[in-house]
Amino acid sequence: MTPGDPRPGRAGTALSEGRGPRAPEEAPPTRLSSAGRRLLGSGGLVNVGLATSNVFVSLFFYVTSGSIAKMALYAVGRYAGLIVMSTVVMHRFPDTPPRRLFRIGLTLTAAFFCLLIVLGHHASPLALPLGLFNGVAAGTYWFGNNTLVYDVLRPGERGRYYGLSFAIVSVLNVVMPLTAGFVIARVGGERGYATVFSIALVSYVAAFLAARG
Numbered sequence: 519m520t521p522g523d524p525r526p527g528r529a530g531t532a533l534s535e536g537r538g539p540r541a542p543e544e545a546p547p548t549r550l551s552s553a554g555r556r557l558l559g560s561g562g563l564v565n566v567g568l569a570t571s572n573v574f575v576s577l578f579f580y581v582t583s584g585s586i587a588k589m590a591l592y593a594v595g596r597y598a599g600l601i602v603m604s605t606v607v608m609h610r611f612p613d614t615p616p617r618r619l620f621r622i623g624l625t626l627t628a629a630f631f632c633l634l635i636v637l638g639h640h641a642s643p644l645a646l647p648l649g650l651f652n653g654v655a656a657g658t659y660w661f662g663n664n665t666l667v668y669d670v671l672r673p674g675e676r677g678r679y680y681g682l683s684f685a686i687v688s689v690l691n692v693v694m695p696l697t698a699g700f701v702i703a704r705v706g707g708e709r710g711y712a713t714v715f716s717i718a719l720v721s722y723v724a725a726f727l728a729a730r731g
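Using our numbering, the first residue of the sequence shown is number 519, and each one after it goes up by one.
For the record, the hints were derived by calculation from the structure and aren't laboratory data.
Computed spacing ranges between beta-carbons, pair by pair:
hint: 1; residue 1: Pro612; residue 2: Leu633; range: 27 to 33 Å
hint: 2; residue 1: Gly677; residue 2: Phe611; range: 24 to 30 Å
hint: 3; residue 1: Arg676; residue 2: Ile586; range: 38 to 44 Å
hint: 4; residue 1: Phe611; residue 2: Gly584; range: 39 to 45 Å
hint: 5; residue 1: Tyr597; residue 2: Thr625; range: 19 to 25 Å
hint: 6; residue 1: Phe684; residue 2: Val705; range: 30 to 36 Å
Glycine included, each C-beta is placed from N, C-alpha and C at the ideal position.
Sequences are here, hints too, so could you generate the full structure?
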């Protein structure tokens, strides 16, 4: 624009169109809020249980039955229960508070490990229904957990939360299976598996308590 030119510049155009100056963007927080830390802590405890037991639940059905079919039936039941329950929750209970789903999922998962500990080798004939039960528990928990992240955390916190969460999961996925394998080898037999499942059970109970509030 030349001197004396009556046309407004960019700032004048923006003001004339009613947009005004752009507000400065909010910087992402450098620390998680207390709710975010509590969610990260409870999620970390859940992942302790998952990393400790995931591989060994399937192996337990094989070891106690001597049949790879039982291990396969458990896996089929678990994935079927996970898919069905996720669909049911999404379509039938869309307004259920995510924290309630989160806690129900943790309670059901803890109940699953209680059943494994109590039933022992008698669990192998129930591989399919137990797989379905664990899948239902997992579907309820993960739907509630993933929704709760968006319900509790501000947009600027989510990237930091997921970064920390994935870092914790990566470490646990290396450390906990090795630890569980050592426990099973040290204790031996069915008692070794029961010990590992007890560790997972304690982790889920602790996660439930950490998520309170």
